[in-house]
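A.B. asks: One letter stands for each residue in the lines below.
2 protein chains.
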Amino acid sequence: MGTKRNQRKRNRRLQIIDAAIKVIAQHGYHSAKMTNIAAEAGVADGTIYNYFESKEQVLICIFEEKMTELIAQATLKINAHQSPVDKVRAFVRNHFEHLQRNPELGKVFQVELRQSQQFFHGYRPKKLFEYLDLLGSAIREGQRAGIFRSHLDSMILQWSIFGTLDELSINWVMSEQQWPPDLDTVPEQVLEIFLLGIESPLENE
Amino acid sequence: MGTKRNQRKRNRRLQIIDAAIKVIAQHGYHSAKMTNIAAEAGVADGTIYNYFESKEQVLICIFEEKMTELIAQATLKINAHQSPVDKVRAFVRNHFEHLQRNPELGKVFQVELRQSQQFFHGYRPKKLFEYLDLLGSAIREGQRAGIFRSHLDSMILQWSIFGTLDELSINWVMSEQQWPPDLDTVPEQVLEIFLLGIESPLENE
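Order-wise, the sequence lines are chains W and G. End of the first sequence = 205 in our numbering, gap-free, step of one. End of the second sequence = 205 in our numbering, gap-free, step of one.
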């Protein structure tokens with residue numbers, strides 16, 4: 001009985017989170033109202049406060065909940081491969097697949113979340129670090145195996161790749177999905193840039 | 001006489017902008033008050049409104065003014081070189097030199113500016129595009145010369161490098177300059193990553 005009730009509470013919570021993503025993506029974080037989120041979720045205005053004490057908390061919970069999903073998904077994709085190069089490929093491809101499948105969440109992550117004071121001042125986005133560690137681990141594994149340049153700082157490398165993914169994602173979201181025009185080829189270009197570098201092979205001979 | 005008066009107005013304006021950078025870096029954009037900025041600039045509370053109609057406008061003007069300076073500086077550094085590779089190197093090195101010399105401005109650019117609604121909704125940061133075009137031009141020049149891989153999309157490349165610089169800068173600012181620990185070696189690692197790629201040369205043979 002208790003478990004069933006907990007499950008119902010958890011479903012209701014996820015329902016509110018998904019509604020909040022829609023409302024915040026459409027109206028922007030500052031203009032979005034708790035009452036709009038309640039309406040979109042199909043719950044009474046008062047109900048929403050049984051789950052979240054403020055709009056700021058809704059935003060943080062969107063981040064926590066959806067990053068947990070993204071981490072699980074990326075882990076699955078990465079673990080399907082043995083080679084560190086393929087693991088890096090899987091991480092980068094999955095990042096853009098996830099964005100393409102969840103454009104409203106993309107808007108919340110890439111634009112709206114960054115306007116939260118709490119998120120920038122004092123909050124430690126542990127889930128982001130956990131996500132990036134999937135990439136960092138593949139990089140370090142490749143370095144130990146002599147596949148990746150071992151004198152490169154794996155943290156700098158991890159944040160460089162993430163910065164690239166993040167900036168291209170922001171562009172896609174802010175341009176209303178106009179640029180980059182094709183999220184299927186973007187990861188391939190990014191992977192070539194990072195794996196082989198930008199210098200022409202002729203030049204390196 | 002008119003010119004002298006204009007010059008004085010311009011100096012006063014820059015003085016307020018520099019004071020605003022200090023105050024916003026210290027208190028955060030939302031907590032910073034126009035009256036604090038006036039005090040820091042050593043002008044009367046009313047005077048500041050002769051120059052800027054709102055705190056939001058001060059923030060936008062910090063961006064415009066300081067990006068203009070950064071563009072001028074980067075152009076000078078880039079133009080000292082002939083080879084596209086050296087131009088890319090100059091751009092990346094200058095970016096971190098500028099951050100290291102202007103940590104308070106870094107805080108405003110990397111953290112506070114992004115919390116402005118106006119900046120994200122509707123405002124086109126033309127100066128950012130102008131700055132990035134310096135990098136994009138060097139890349140395209142290198143592609144035409146066969147030095148850089150020509151099938152890579154120069155816009156994706158430009159935003160990838162910028163994403164990397166930006167993400168590492170955010171880390172430095174948010175960690176109170178703790179990580180990355182040494183902004184002199186960061187550009188060299190970043191340049192190696194992009195120019196040569198991360199795969200070990202042995203692997204490519």
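These are calculated hints, taken from the structure and not from any lab test. Treat the hints loosely; a few may be bogus.
Given that identical chains are not distinguished, each listed pair holds provided it fits within a single copy or across any two copies.
What the hints assert, rightly or not - Below, a list of computed lysine to any residue pairs in the SDA-like style, where the Cα atoms sit at most 20 Å apart:
id, residue 1, residue 2
1, Lys127, Asn171
2, Lys126, Asn171
3, Lys22, Lys77
4, Lys66, Met155
5, Lys9, Asp86
6, Lys4, Ala145
A.B. asks: Now tell me, hint by hint, if it's right for this structure.
C.D. replies: Here's how the hints hold up against the structure:
1. Lys127 x Asn171: Result: close only across copies, 16 Å inter versus 23 Å intra.
2. Lys126 x Asn171: Cα proximity of Lys126 and Asn171: across copies only (14 Å, versus 24 Å in one copy).
3. Lys22 x Lys77: The answer is neither: 27 Å in one copy and 45 Å across copies each exceed 20 Å.
4. Lys66 x Met155: Neither: 24 Å inside a chain and 29 Å across chains, both beyond 20 Å.
5. Lys9 x Asp86: Neither way: Lys9 and Asp86 sit 39 Å apart in one copy and 59 Å across, limit 20 Å.
6. Lys4 x Ala145: neither (48 Å within a copy, 67 Å between copies)
Violation of the numbered hints given earlier is confined to hints 3, 4, 5 and 6; the remaining hints are satisfied by the structure.
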